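Engineer: Sequence:
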Amino acid sequence: MSALAQPLAQSLVQSVDWLAIAPPTAAAVVALVVLVADLFVPEGRKAVLGWISVGGLAVSALLLLPLLGGNRGTFCLTGGPRACSYTVDRFTLVIQFLVLGGALLAALLSVTALKDGRRTLPEGEFWFLLLSSAAGAALLPASRDLATLVVALEVASLPAFALVGIRMGDSRSSEAALKFFLSSVTATAVSLMGISFVYASTGTLYLTQVADRIQHVDGQLHTLAQTGVVLTLIGFAFKTAAVPFHFWVPDTYVGAPLPVAAYLSVVGKAVGFSGLILVTVVGFPSYADVWGPALAVLAALTMTVGNVGALRQQATRAYSAVRLLAWSSVGQAGYLLVPIAAAGYTKDAQKAIGSTVAYALMYAAVNLGAFAVAALVGRTKHLNRIADYRGLYATNPVTALLMAFFLLCLAGLPPGVIGLFAKVTVFSAAVDAGLGWLAVVMAVNVVIALFYYLQWTALLFRAPEGEPVKHRVPAPLTAAISLTAVLGIALSGAPQLVLRFTATGLF
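FYI, the numbering used here numbers position 469 of the sequence shown as 482, with every residue one higher than the one before it.
Hint data in this document are derived by calculation from the structure and do not stem from the laboratory. Hints may contain errors.
[Claimed, not checked] Under the rule of at most 30 angstroms between Cα atoms (straight-line distance), these lysine-lysine pairs were calculated in the DSS-like manner: (1) Lys-394 - Lys-128; (2) Lys-394 - Lys-192; (3) Lys-192 - Lys-128; (4) Lys-394 - Lys-59; (5) Lys-128 - Lys-59.
[Stated by the list, open to error] Now the in silico label distances, taken between C-beta atoms and shown as ranges: (6) Ala-507 - Val-460: 23 to 29 angstroms; (7) Asp-361 - Arg-58: 52 to 58 angstroms; (8) Thr-408 - Lys-128: 17 to 23 angstroms; (9) Ser-184 - Val-457: 35 to 41 angstroms; (10) Gly-182 - Asp-361: 37 to 43 angstroms; (11) Ser-441 - Ala-507: 17 to 23 angstroms; (12) Asp-231 - Leu-463: 51 to 57 angstroms; (13) Val-460 - Ala-503: 23 to 29 angstroms; (14) Asp-231 - Arg-95: 22 to 28 angstroms; (15) Gln-228 - Arg-475: 32 to 38 angstroms.
Owing to the predicted nature of the structure, the values given are computational and were not obtained by experimental measurement. C-beta: ideal position from N, C-alpha, C; glycine also.
Whole structure, please, built from the sequences with the hints as guidance.
Structural biologist: What follows is the structure, encoded as structure tokens:
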């Protein structure tokens with residue numbers, strides 16, 4: 014009995030590569046440091062917690078550099094076929110860079126927001142929650158078993174609920190947090206049921222082993238496996254805010270503090286889409302005939318509903334600027350779904366997934382820039398209407414030009430070359446996979462999006478109504494706008510760098 018138990022025990026011994034797990038671990042450690050420091054830092058010096066958090070996220074991002082040399086795995090089984098719970102490959106590094114970079118820019122926006130709203134936003138709790146969510150988001154793309162995937166997803170999501178509702182005494186914030194919480198909990202419950210069915214039919218949680226075993230399940234368990242795959246995919250579709258699981262997005266973005274809305278629009282999407290990529294392409298490639306068509310339909314619905322919702326926003330409605338960015342993010346989610354759907358129809362799934370990753374990098378940079386400008390305008394125009402941006406060029410010409418650049422990138426028009434290249438890459442992925450009808454739907458939606466992006470851009474250069482209001486740009490906001498602008502302009506100057514890096518060899 015002991016002789017049989019010994020090999021089993023050896024197979025459960027897992028090695029730990031501390032360098033591989035350093036980026037999410039650093040963010041988690043800094044979160045704990047901030048939480049403890051908050052007890053001792055006097056009220057008048059709470060701002061130091063923000064700069065500690067910004068520094069911690071910067072260090073976490075820098076810790077990605079030693080990992081560029083090659084693939085690494087940790088928490089691996091030592092007996093039998095190699096299977097690891099945590100893997101660092103090119104896909105992991107790109108998404109972790111996106112997540113930690115997005116969290117860093119959101120943190121820079123938050124420094125100013127917390128200073129402006131010190132009475133309503135508790136600083137220590139805010140930074141702890143933001144860092145905790147960023148740690149979970151950085152863990153997720155490296156997760157290669159379903160249990161770790163779900164844990165990382167919840168570590169990223171649970172603090173985000175509290176961040177959305179953290180503004181004390183604000184009913185809109187509380188309502189937004191409740192809607193976000195209910196939709197996310199539903200998604201988690203559906204995912205967990207699907208994962209339990211997959212585990213029951215395959216006997217493993219490791220994605221590579223699931224991919225091998227799910228093709229050969231016993232006939233009596235075939236229906237259970239199919240149901241598990243479908244439920245798991247539905248749960249992750251919730252997380253990506255794909256239609257019809259998008260209803261929480263506009264109200265959540267409006268009710269949340271603006272830096273939190275920016276964080277959700279980029280990091281939240283990265284979490285959902287990286288999880289969806291892992292379960293489809295790595296875990297369930299044999300079910301491509303199921304998830305390929307389903308994701309294609311979801312992509313068409315999502316981009317159409319998102320763009321039509323953005324088109325309907327009235328310039329004079331309260332918070333219409335944030336609502337337009339929220340609906341726009343739903344539309345952008347539809348574009349991000351296209352290459353994942355295409356991966357189900359092509360033999361070169363990695364190339365298709367590379368298109369999604371390239372588009373996500375472009376979207377993250379310019380969307381965070383747009384939110385940074387929205388945060389600047391919102392300091393003097395608290396209702397943050399689209400009409401409030403009229404004449405911005407007369408008072409802040411550089412800011413107006415950068416906002417126009419960000420909007421044109423999102424629209425896919427020059428001089429936002431990176432936006433154009435990213436859209437062409439996604440369009441090509443659909444055509445190469447034989448999804449001509451989806452490419453047509455995307456083309457129609459790009460035209461719809463052009464209207465509201467150009468309408469907003471034109472408003473920036475119109476003559477202002479009434480006395481122009483000069484917007485003073487605090488240093489953290491200046492840094493956030495400058496970083497996103499530099500990244501967007503650099504990528505527009507050499508878009509092939511991103512496309513080449515993400516085209517092949519992600520896994």
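Engineer: Report the numbers of all earlier hints that the structure fails to satisfy, in ascending order.
Structural biologist: 10 and 15
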